[in-house]
Amino acid sequence: MLSNSELIRYFLLEAEDYVNTLVEGVEELESKGFDKETVESLFRATHTLKGSASIVKLEKITLLAHKLEDLFEALLNKEIEYEDTFLGYIKKVINSIVNLINEVSTFGVEKSELDKELVDIIDDILEKKEIPLKSEIASTIEVLPVTNTVRIDLELIENILTSLGEILVQKNTLTDKERELLEIIEEISHSGKRLLKEITDFSDRYWLSAHESGQKVTDSFFTDFGDLQFDRYDEYHILLRKVQEITNDISESMKSLLSFSENLSLSFKSISREINYLKDNLVEIRMIPAGKLLHRLAEATRDIAEKAGKIVEVEIRGAEIKVDKPVFDSLYEPIIQIIRNAIQHGIELPEERIEKGKEKTGKVKIEFAKEGKNINIEIKDDGRGIDLEKVKETAIERGIISSDRIPYLTREEILSFIFAPGFSTSEQTDYLSGRGMGLNIVKTAISKLKGTIEVFSESDKETTFRIKIPQSLSISTLLVFRSSKLEYAVPINYVEEILSLEDFPDAVKEKIINHKNRSIQVKLFSEIFFSSNGKKLEKGYIIIFNFSGIRRGLVVEEVLGHEETTINSFGKFLEGLTQYLGYFISGKGIPRYVIDPLKIYEEEFVLTPSYAAFIEPISYKGAVLVVDDSISVRKSLQNILESKKIRVYTAKDGNEALNVLENKNVDLIITDLEMPIMHGYELITRIRKDPRYRDLPIVVLTSRGTKKHEEKALSLGADGYIVKPFDDKTISQLLIKFELIKDTF
Amino acid sequence: MSEEIKKEKFYCVFGIGEREFLIPKDSVVQILDITRIFPIPGSPDYIVGALPVRGKIIPAIDLAKIFNIERLGYSDNKLLVVEAKGEKLGILSDITPFFVSFDPDIVVEDFIDPDKLFDQLKVNSKKNSEKSNA
Chain A
0 MLSNSELIRY FLLEAEDYVN TLVEGVEELE SKGFDKETVE SLFRATHTLK
50 GSASIVKLEK ITLLAHKLED LFEALLNKEI EYEDTFLGYI KKVINSIVNL
100 INEVSTFGVE KSELDKELVD IIDDILEKKE IPLKSEIAST IEVLPVTNTV
150 RIDLELIENI LTSLGEILVQ KNTLTDKERE LLEIIEEISH SGKRLLKEIT
200 DFSDRYWLSA HESGQKVTDS FFTDFGDLQF DRYDEYHILL RKVQEITNDI
250 SESMKSLLSF SENLSLSFKS ISREINYLKD NLVEIRMIPA GKLLHRLAEA
300 TRDIAEKAGK IVEVEIRGAE IKVDKPVFDS LYEPIIQIIR NAIQHGIELP
350 EERIEKGKEK TGKVKIEFAK EGKNINIEIK DDGRGIDLEK VKETAIERGI
400 ISSDRIPYLT REEILSFIFA PGFSTSEQTD YLSGRGMGLN IVKTAISKLK
450 GTIEVFSESD KETTFRIKIP QSLSISTLLV FRSSKLEYAV PINYVEEILS
500 LEDFPDAVKE KIINHKNRSI QVKLFSEIFF SSNGKKLEKG YIIIFNFSGI
550 RRGLVVEEVL GHEETTINSF GKFLEGLTQY LGYFISGKGI PRYVIDPLKI
600 YEEEFVLTPS YAAFIEPISY KGAVLVVDDS ISVRKSLQNI LESKKIRVYT
650 AKDGNEALNV LENKNVDLII TDLEMPIMHG YELITRIRKD PRYRDLPIVV
700 LTSRGTKKHE EKALSLGADG YIVKPFDDKT ISQLLIKFEL IKDTF
Chain B
0 MSEEIKKEKF YCVFGIGERE FLIPKDSVVQ ILDITRIFPI PGSPDYIVGA
50 LPVRGKIIPA IDLAKIFNIE RLGYSDNKLL VVEAKGEKLG ILSDITPFFV
100 SFDPDIVVED FIDPDKLFDQ LKVNSKKNSE KSNA
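If you're matching them up, the sequences are chains A and B in order. Take 0 as the starting number for the first sequence in numbering that gives the first Met the number 0 and just add one per residue. Take 0 as the starting number for the second sequence in numbering that gives the first Met the number 0 and just add one per residue.
To be clear, the hints were calculated from the coordinates, so they are not data collected in a lab. Check the hints yourself; a few may be wrong.
What the hints assert, rightly or not - Here are some, though not all, of the chain A residues that point toward chain B, as calculated from beta-carbon distances under 7 Å: (1) Gly-570; (2) Leu-573; (3) Gly-575; (4) Lys-587; (5) Gly-588.
To be verified - Take a look, some chain B residues computed to stay more than 12 Å from chain A by CB distance: (6) Glu-17; (7) Lys-24; (8) Ile-30; (9) Thr-34; (10) Ile-46; (11) Arg-53; (12) Ile-56; (13) Ile-60; (14) Ile-65; (15) Asn-67; (16) Val-99; (17) Phe-101; (18) Val-107; (19) Phe-117; (20) Asp-118; (21) Asn-123.
Quick caveat: nothing in here was measured; it's all calculated off a predicted structure. Here a beta-carbon is modelled for each residue, glycine too, at the ideal position from N, C-alpha and C.
I would like the entire structure built from these sequences, with the hints used as guidance.
This is the structure in structure tokens:
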């Protein structure tokens with residue numbers, strides 16, 4: 000269990016809130032008189048304050064809060080009538096409480112004596128006795144502040160953060176400009192040096208030749224002074240002197256320019272540092288120590304354990320770690336869900352634990368830790384662990400994965416199935432845990448915070464959930480890369496590593512790499528986004544993503560570095576482009592699209608909530624294979640078709656389409672013409688060659704509207720030809736034509 | 000459509016190929032020279048790309064793709080920025096757009112209602128699944 004001093008720290012964090020509520024409530028009573036709502040909030044605040052203080056055994060605060068609670072309760076129940084004279088006493092009690100809290104915060108204990116007289120007065124009020132009207136208890140008592148804090152409206156902080164976001168963008172622009180300036184200076188200084196060298200060389204030569212042409216005098220002392228003709232000032236001479244002087248001036252100026260730019264760079268650096276510092280501080284303003292959450296968690300855990308008949312000890316670490324307010328608000332539910340699971344399904348009953356030779360008391364450890372810009376939360380229990388075999392069975396049973404894929408999956412990938420919708424390994428279901436839907440909700444909640452969750456487990460030993468979320472939501476750190484002359488970014492919190500493509504020469508061809516004993520599937524960014532062939536790609540990088548335990552690679556041409564910025568949303572008009580999270584404009588005025596890396600791999604992810612179809616098998620009216628290289632076409636067709644209860648398989652090109660045909664029963668093929676690897680014409684030809692598919696209807700869906708293409712497609716064996724764009728109606732008519740659905744008009 | 004037109008008096012005229020279109024003057028935000036348009040991969044073909052303006056991007060729409068207009072080369076391209084449903088949209092114009100006014104009774108042809116255009120061309124969203132878990 001937590002040590003008392005640690006608990007006191009959490010108590011202090013909370014107490015401040017309660018005192019603030021009390022102060023506000025009393026002010027309200029003062030200005031408005033008796034108000035039921037205000038007294039209710041006062042009652043609640045004193046009640047929780049009493050509870051929290053009693054946990055940490057601060058008896059005096061407990062007693063005072065208790066008295067106030069009784070008083071407010073009596074007022075609420077109309078047992079006693081509210082009088083303005085109460086206010087002075089209430090304030091006095093609050094002051095005593097604040098005083099004690101401040102003592103606890105400084106010395107760790109309650110120092111001052113309890114004001115017996117004051118307690119008696121409250122008792123008197125409660126017992127409806129005459130209150131001695133003492134003049135010293137004027138209603139003008141100022142309530143003491145709790146330590147050194149100010150309350151700020153959240154909206155104000157939001158505003159500051161927004162303009163800070165803008166400042167960061169400007170700062171990035173400045174940094175880019177500075178780089179340009181340095182380049183220009185370098186160029187000037189380079190040319191300057193060349194000029195200087197030329198002039199010096201020339202003048203050296205000139206003087207030399209002038210010497211040689213003169214008399215052969217060996218003693219320069221006499222020649223310099225003796226021969227006036229030698230020092231003759233002809234035009235040449237004058238020009239040369241002038242040029243030399245100017246060159247010297249330029250060279251001096253160059254030196255000052257250099258030192259100036261160095262100073263400027265230094266100033267830039269220090270202003271950058273200050274802005275970063277300011278940013279960190281500002282971001283922190285909105286942050287709340289995790290400890291505040293932990294207090295609530297500890298209490299809830301006790302409740303759950305009690306109900307489940309288990310003995311559980313909670314250990315909490317990292318209470319001082321600060322979390323952004325919105326993140327904080329959405330963290331409680333997912334964490335409590337994991338703890339619920341741990342206690343109900345993980346930790347064994349006391350008898351079972353003793354049988355296994357474990358300690359009778361189960362342990363749940365919650366640890367907050369900061370890692371760069373991220374917060375890591377680890378929730379560990381020493382229960383029975385997750386049964387990997389059972390996970391496999393259930394995953395197959397629920398249709399989350401087909402059994403033939405299992406051998407290819409890593410342990411981590413199999414474990415991650417527990418986050419899939421409708422998954423549960425425990426036979427017993429109960430209302431609190433909600434039939435294993437719990438972990439899916441946890442994952443969704445964490446994803447909303449742009450975070451990831453991973454699970455590790457050792458049978459009969461322990462289960463660990465590791466959550467990683469960005470510390471702040473308003474400013475994101477992004478990895479910027481370039482592909483096909485456009486610039487993109489991905490949130491860095493998904494990025495685990497960046498590898499050089501040179502170390503994995505087969506990555507482009509094989510679409511899989513072996514790294515750190517894991518085989519990681521790889522996609523080519525240029526293929527996904529431009530359907531261009533990545534064959535020519537020799538140099539490049541592989542970005543390794545870690546999506547809650549599932550690792551995937553993305554090959555990009557060039558990595559430009561990372562940047563901290565605020566992401567703009569695409570707006571309503573473009574919101575359908577769900578592959579993007581938004582965009583920001585670089586310092587050079589180039590838009591950088593922020594990619595949602597999850598979307599790149601979502602088609603093969605069985606864990607996304609869109610696979611909810613697996614939970615309740617729908618009776619499909621037929622199956623359609625959609626072949627198109629554009630993900631948006633595939634997705635929109637899939638949506639339309641699925642809404643008509645049609646099973647949809649998708650393929651990016653002809654090759655993939657043929658693979659699908661081998662394994663699935665398909666009633667209709669809708670294919671594009673232009674596609675990488677194998678285009679539509681070839682696909683049609685190949686399908687028609689196979690006797691199995693001779694009568695399989697094929698419809699071409701293309702943006703090529705000319706008769707020539709249509710004729711060619713039909714002659715190869717296509718049964719229909721639709722020119723994009725398409726809509727629900729077009730597709731309905733198509734399905735009716737090929738008798739997949741009935742005409743409902 | 001005619002009852003809406005009655006309220007309108009001033010129009011902005013822009014051209015695509017040989018055709019001209021009218022759009023209410025009130026909806027016009029600005030007319031930009033096209034310097035550089037950045038394509039948005041994955042967007043429909045009528046969205047030519049994005050034009051960055053003051054830290055934000057404006058999507059540039061080519062109506063030639065919508066109305067199936069043949070174009071004789073991109074000549075004097077301008078981007079007519081209009082506001083529809085609170086957002087800025089850019090429409091490619093082959094001529095420099097200009098303003099005209101008509102008698103309210105005249106029914107104009109080739110009239111474009113920005114809000115309707117917005118709804119018609121809005122990129123289809125596919126979110127349908129995630130809501131249930133919210």
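Status of the hints after comparison with the structure:
no.	hint	result
1	Gly-570	holds (5 Å)
2	Leu-573	holds (5 Å)
3	Gly-575	holds (3 Å)
4	Lys-587	violated (10 Å)
5	Gly-588	holds (6 Å)
6	Glu-17	holds (19 Å)
7	Lys-24	holds (21 Å)
8	Ile-30	holds (19 Å)
9	Thr-34	violated (9 Å)
10	Ile-46	violated (8 Å)
11	Arg-53	violated (9 Å)
12	Ile-56	violated (5 Å)
13	Ile-60	violated (9 Å)
14	Ile-65	violated (9 Å)
15	Asn-67	violated (8 Å)
16	Val-99	holds (27 Å)
17	Phe-101	holds (29 Å)
18	Val-107	holds (25 Å)
19	Phe-117	violated (6 Å)
20	Asp-118	violated (10 Å)
21	Asn-123	violated (5 Å)
Comparing the model with each earlier hint shows violations of hints 4, 9, 10, 11, 12, 13, 14, 15, 19, 20 and 21; every other hint is respected.
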